[in-house]
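Asks: In our numbering, the protein residues as written are 1 to 102.
Keep in mind the hints are simulated off the structure, nothing from the lab.
Some hints could be false.
What the hints assert, rightly or not - 25 Å max Cα-Cα, derived PhoX-like pairs, lysine-lysine:
| hint | residue 1 | residue 2 |
| --- | --- | --- |
| 1 | Lys94 | Lys7 |
| 2 | Lys7 | Lys97 |
| 3 | Lys96 | Lys7 |
Since we're looking at a predicted model, the values are computed, not measured.
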Amino acid sequence: MLQVFWKTHDPTQFNRQGADIGTQYRSAIFIHSDAQATAARASLAAEDQSGRHAGRVVTEIAPAGEFYPAEEYHQGYYRNNRQAPYCRAVIQPKLKKLGLAD
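Hey, can you work out the whole structure from these sequences and the hints?
Replies: Laid out in structure tokens, this is it:
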């Protein structure tokens with residue numbers, strides 16, 4: 001899961017992803033256990049030292065809090081809106097990068 005995480009966003013941007021700005025866009029790994037924290041820290045250090053990014057990795061590692069599912073209209077968004085501009089411009093290229101789409 002951490003490999004997919006690093007491949008599908010820019011972990012060097014603080015509180016943003018592209019043109020989207022705010023704390024809801026921060027790069028974060030939410031952990032549930034000490035083992036997950038250890039794995040996350042090791043993965044973050046390896047990614048930061050990988051040379052794949054021009055800047056420093058700023059991903060936050062924090063305890064997972066209460067989870068709230070998104071509203072129903074957000075569920076299955078890509079599956080239900082494949083031709084929407086956001087899906088074609090953002091989601092499809094990421095799926096292709098992971099070998100999950102043509």
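Asks: Now tell me if each hint is right for this structure.
Replies: Verification of the hints:
For the suggested pair Lys94 and Lys7, the alpha carbons sit about 8 Å apart, so the restraint of at most 25 Å is met. A C-alpha spacing of about 8 Å is found between Lys7 and Lys97, which places the hinted pair at or below 25 Å, so the restraint holds. For the hint linking Lys96 to Lys7, the alpha-carbon distance of about 11 Å falls within 25 Å, and the restraint holds.
Violated hints are absent here; each numbered hint is respected by the structure.
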